[in-house]
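What follows is each chain in one-letter form.
Number of protein chains: 4
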Amino acid sequence: MAIIMGPNQYGKAENRVVRIFRDEPRHEIRDLNVSTSLRGPFDDAHTIGDQSMLLPTDTQKHMTFVHAKTKPGDSIEEYGLDLARHFVHDIEPVEGARIEIEEFAWDRAVIDGVEHDHTWTRRGPEIRTAAITVDSTGEYVIGGIKDLVLLKSTGSEFHGFLKDDFTTLPETTDRIMATSLVAKWRFSTTDVAWQEVYAQVKAIVIREFATLQSLALQQTLYYIGRAILEEVPDLVEVRLSAPNKHHFDYDLAQFGIENDKEVFIAADRPYGLIQATVIRDDAPDAGMAWVPSAGLA
Amino acid sequence: MAIIMGPNQYGKAENRVVRIFRDEPRHEIRDLNVSTSLRGPFDDAHTIGDQSMLLPTDTQKHMTFVHAKTKPGDSIEEYGLDLARHFVHDIEPVEGARIEIEEFAWDRAVIDGVEHDHTWTRRGPEIRTAAITVDSTGEYVIGGIKDLVLLKSTGSEFHGFLKDDFTTLPETTDRIMATSLVAKWRFSTTDVAWQEVYAQVKAIVIREFATLQSLALQQTLYYIGRAILEEVPDLVEVRLSAPNKHHFDYDLAQFGIENDKEVFIAADRPYGLIQATVIRDDAPDAGMAWVPSAGLA
Amino acid sequence: MAIIMGPNQYGKAENRVVRIFRDEPRHEIRDLNVSTSLRGPFDDAHTIGDQSMLLPTDTQKHMTFVHAKTKPGDSIEEYGLDLARHFVHDIEPVEGARIEIEEFAWDRAVIDGVEHDHTWTRRGPEIRTAAITVDSTGEYVIGGIKDLVLLKSTGSEFHGFLKDDFTTLPETTDRIMATSLVAKWRFSTTDVAWQEVYAQVKAIVIREFATLQSLALQQTLYYIGRAILEEVPDLVEVRLSAPNKHHFDYDLAQFGIENDKEVFIAADRPYGLIQATVIRDDAPDAGMAWVPSAGLA
Amino acid sequence: MAIIMGPNQYGKAENRVVRIFRDEPRHEIRDLNVSTSLRGPFDDAHTIGDQSMLLPTDTQKHMTFVHAKTKPGDSIEEYGLDLARHFVHDIEPVEGARIEIEEFAWDRAVIDGVEHDHTWTRRGPEIRTAAITVDSTGEYVIGGIKDLVLLKSTGSEFHGFLKDDFTTLPETTDRIMATSLVAKWRFSTTDVAWQEVYAQVKAIVIREFATLQSLALQQTLYYIGRAILEEVPDLVEVRLSAPNKHHFDYDLAQFGIENDKEVFIAADRPYGLIQATVIRDDAPDAGMAWVPSAGLA
Chain A
313 MAIIMGPNQY GKAENRVVRI FRDEPRHEIR DLNVSTSLRG PFDDAHTIGD QSMLLPTDTQ
373 KHMTFVHAKT KPGDSIEEYG LDLARHFVHD IEPVEGARIE IEEFAWDRAV IDGVEHDHTW
433 TRRGPEIRTA AITVDSTGEY VIGGIKDLVL LKSTGSEFHG FLKDDFTTLP ETTDRIMATS
493 LVAKWRFSTT DVAWQEVYAQ VKAIVIREFA TLQSLALQQT LYYIGRAILE EVPDLVEVRL
553 SAPNKHHFDY DLAQFGIEND KEVFIAADRP YGLIQATVIR DDAPDAGMAW VPSAGLA
Chain B
313 MAIIMGPNQY GKAENRVVRI FRDEPRHEIR DLNVSTSLRG PFDDAHTIGD QSMLLPTDTQ
373 KHMTFVHAKT KPGDSIEEYG LDLARHFVHD IEPVEGARIE IEEFAWDRAV IDGVEHDHTW
433 TRRGPEIRTA AITVDSTGEY VIGGIKDLVL LKSTGSEFHG FLKDDFTTLP ETTDRIMATS
493 LVAKWRFSTT DVAWQEVYAQ VKAIVIREFA TLQSLALQQT LYYIGRAILE EVPDLVEVRL
553 SAPNKHHFDY DLAQFGIEND KEVFIAADRP YGLIQATVIR DDAPDAGMAW VPSAGLA
Chain C
313 MAIIMGPNQY GKAENRVVRI FRDEPRHEIR DLNVSTSLRG PFDDAHTIGD QSMLLPTDTQ
373 KHMTFVHAKT KPGDSIEEYG LDLARHFVHD IEPVEGARIE IEEFAWDRAV IDGVEHDHTW
433 TRRGPEIRTA AITVDSTGEY VIGGIKDLVL LKSTGSEFHG FLKDDFTTLP ETTDRIMATS
493 LVAKWRFSTT DVAWQEVYAQ VKAIVIREFA TLQSLALQQT LYYIGRAILE EVPDLVEVRL
553 SAPNKHHFDY DLAQFGIEND KEVFIAADRP YGLIQATVIR DDAPDAGMAW VPSAGLA
Chain D
313 MAIIMGPNQY GKAENRVVRI FRDEPRHEIR DLNVSTSLRG PFDDAHTIGD QSMLLPTDTQ
373 KHMTFVHAKT KPGDSIEEYG LDLARHFVHD IEPVEGARIE IEEFAWDRAV IDGVEHDHTW
433 TRRGPEIRTA AITVDSTGEY VIGGIKDLVL LKSTGSEFHG FLKDDFTTLP ETTDRIMATS
493 LVAKWRFSTT DVAWQEVYAQ VKAIVIREFA TLQSLALQQT LYYIGRAILE EVPDLVEVRL
553 SAPNKHHFDY DLAQFGIEND KEVFIAADRP YGLIQATVIR DDAPDAGMAW VPSAGLA
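Protein sequence lines correspond, in order, to chains A, B, C and D. Residue numbering for the first sequence follows the working numbering, beginning at 313 and increasing consecutively. Residue numbering for the second sequence follows the working numbering, beginning at 313 and increasing consecutively. Residue numbering for the third sequence follows the working numbering, beginning at 313 and increasing consecutively. Residue numbering for the fourth sequence follows the working numbering, beginning at 313 and increasing consecutively.
Just to be clear, a hint being listed does not mean it is correct.
Since copy identity is lost for identical chains, a pair holds within one copy or between any two.
[To be verified] In the DSS-like style, the derived pairs of lysine-lysine whose C-alpha atoms are separated by at most 25 Å in a straight line are:
{"id": "1", "residue 1": "514", "residue 2": "381"}
{"id": "2", "residue 1": "381", "residue 2": "557"}
{"id": "3", "residue 1": "557", "residue 2": "458"}
{"id": "4", "residue 1": "514", "residue 2": "573"}
{"id": "5", "residue 1": "475", "residue 2": "458"}
{"id": "6", "residue 1": "458", "residue 2": "573"}
{"id": "7", "residue 1": "514", "residue 2": "475"}
{"id": "8", "residue 1": "458", "residue 2": "514"}
{"id": "9", "residue 1": "475", "residue 2": "383"}
Hints in this document: simulated from the structure, not taken from any laboratory.
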């Protein structure tokens, strides 16, 4: 029996890169949280402390800022691709690079009906995400959104479920459905109108959530995933994770007061957690696209 | 020397009240975090464990939901006033009540250009706040906003400051100014168009932040406070707390790359913290308006 | 009517100062989060943007690190006092300074039964706190602890409380009591064995929480406060804030299973919040001791 | 081309189960955060909203509490195994179950040198974890610890690393090394002295971190992983994720003050992130052991 190194990677996490475009009087802002990870022949760094193959994480940090100036691209996907390519193509021992990016949205301030040139307010809570992997097998791009909090006050049912001796949940044909959605979508190409796709996918998510008379959060997730794949040709796989943010009817009847789905208590924990993958049956191999980390599941 | 009870209070914090108005096909949502505190002759509860004067916090919780049904009002200020009055007027020993409320904003979903009847997305990060106090001396209402994240990419200076032997900060006539503003405003009356005032104050805050050529964050806060008091007759005092969310120029010159206020690193800690009060010189006494808690400063 | 400046202050918040004492092979660590605030004649900075009276927050930051080297003292109270005195005595326009400090505890690593010279593990969740104010009226020191999470599985009752039409809470003579305590204690002098007092107060808090057969969280707080004042002569006032972290009996009877206070669900929100002040009747005036911020209550 | 369901799962996340053992005057406490996930033939729930195969998450919640009473076991691994077996063996359509558990540690209160029977203080920040998977291929157990914050003030070097045109990091033979470690270890059997193994692994982690003269955080991780596998026969794989919590020397030389690794500023973001797997070359197949979620990487 021998003890050996398994998968490993290292990088600089959460570089808070803010890029202002100020060539015109009307400035633009891009506000990012960028994490880098490199993969390659780094066993000796672990086993005997030989760092000669390791580009410091400090250098990786510098590059996230250097590229924000020299290769900002038009989208986080483009910026991330360029950054990953740099590490893999320009740094000799590096075999694979993964770049994960969060983009924070800003709304331009409107003063007396006029958009302001250089002032914004942060918009949330939803955050746009991207995860780019470049290695010897190819280039993989995953777009995404997280913390998109959605709620519908009707149009959601839950009944006909499996019951055992410990099942007490009442069936319902009208309940609140609320979630804080995480969605990720895999591209089959890097020749994409990235900004348009993001806006399109986000609109589909909200539309399907709103318009489906939902029989379960599972069904809502499937309809979201299917619609995205049907309408966006560049995408081949969608992964969705949705906490069921419970809103319980508050018992006012005990006080002789009617509560016809008007007053709810929003619960924190526990919460349902529903996760689904929707995929084209001809999707190309995902390679390392979904692997965020070699170290820990 | 004797040991005695000083100020004390108790209540139920963070009741997550969600109210849906569904009398019409187009539903409305109000999403609140409500905290109650009662003040009164509660010394015996502390010193000898006699609870006969104590209305349980569980009952206070019930009331936040009961009122959401029976007395929702048109605004959090109105709802909070009714709740505070209930405790003080209807519960014999209670002498004072303080209600603190956070309201989370939701944007109605827009599907193919049409507003949806019963689906929303959460809007943030800013949160509307209110703090209502009712006691024997009167009724006090404080409106507010918090987590309003603002950034301007130019139009901010900082120079001419005091220097000692440990001052190394360079002077600047052009920097990013960013903050996550907390603002609270005290009303002189309870006869107020609450919703209109909130929208008006928020617009003033953004306008002043954007349009002042700022010599310091202190000046920006003062201009915000002054404009609010000048333009909103129902208000007599404004308190502002503003972290200076530093955005440092990233040093690209060390790599031979120009960085003319284009690439910044957003810092977490430490941060400047600027706090200011702007007040009318004829403001009525604030009483307990600003006292959130008897217990801990 | 005129609009004027009210109370204001500014400073550098959350300086993460880590001090290693390494003169001996056995190192010592002090791990702090230090916030400074200065008060004085700063109206012009606000009203006309004149910074000539303002020592930059960047300089305040430097001083938290400089003093960590030159005047670390033996405790956070001593370090904070020296820092506050520096700002008030050495910087001409400054009239008052407030230093707030959090200290994170570290346990020395023990390897095969032997304490290690230079390795530690972080201990939490409780955090030691101090708040020091120096101004023309004197010097004020408040010690404290926060996030001290305590639980007792019996020895807590709650009954005999006030009931109205909305009271449904059952009375109980045996329940779990749990809290995440914040306690602050005001000193009457600055000639104190700071480290000893902290250890002594913490022990009293835990002892009173454990040994009192509690009739309400209010009573527990009072007993804690009274015992501290009786046993620690340097202290004149104690403020306590205690969330009632509810642990609800889980209803297993619905499944025919007995649950005699063995299985609980720990709730997040809402929670009771109990706050109390215990004070000597001859306590000197608190001055600005409890004022954390001029700006916002 | 067709659109199909890929991997999916659902469950109840973050059940806050508190179990008191009170048969003896000296009570015991177990404080858990339990998440369940079920896998199986759930496609119809997604595609046509047919819930007949779905055991509600509400029922899963009940079971986490029922088992806390009826099958608590002696460790979280044992409790989690029984819970997973219940879902897979007793609920007809369920094919696989994953149970993830966090355990919060409590220290028994010591009053005047004597351990108290029913009072504790929470100990942190480190949290014990377990992840149990039961499916048709077998039973898999992963133990772990997270948020274990470690710091050594010397005995850490970093030099000899790869340099490109953007590398500015100075080499060092003496720096602070600090991390907030996440470690997970895979068992090859379910016949384990779970409590003893946890204590043993935690001691090894601290010992290796402390005693290795580290040439890089990578080397420290490898030494930790190797020592665990060498000393604990029941384990076959260790995964480690370690942020490099940077402590930068504060520049006091600019003020003429020496700072010989005594005063540091602890940085928040960005941070290095080092991840490594150490494994026996004869480790059995991991199956679904490391798959936390079907939905999202």
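For each hint, the structure was consulted:
1. 514 to 381: neither (28 Å within a copy, 34 Å between copies)
2. 381 to 557: between (41 Å within a copy, 21 Å between copies)
3. 557 to 458: both (15 Å within a copy, 24 Å between copies)
4. 514 to 573: Classified as neither: same-chain Cα gap 29 Å, cross-chain 32 Å, threshold 25 Å.
5. 475 to 458: Neither. Shortest intra-copy (33 Å) and inter-copy (36 Å) distances fail the 25 Å Cα cut-off.
6. 458 to 573: The answer is neither: 28 Å in one copy and 30 Å across copies each exceed 25 Å.
7. 514 to 475: neither (36 Å within a copy, 42 Å between copies)
8. 458 to 514: Answer is within; shortest intra-copy Cα gap is 11 Å, inter-copy 27 Å.
9. 475 to 383: Answer is between: at 22 Å across copies they meet the 25 Å cutoff, but 57 Å inside does not.
Of the hints listed earlier, those the structure fails to meet are numbers 1, 4, 5, 6, 7, in rising order.
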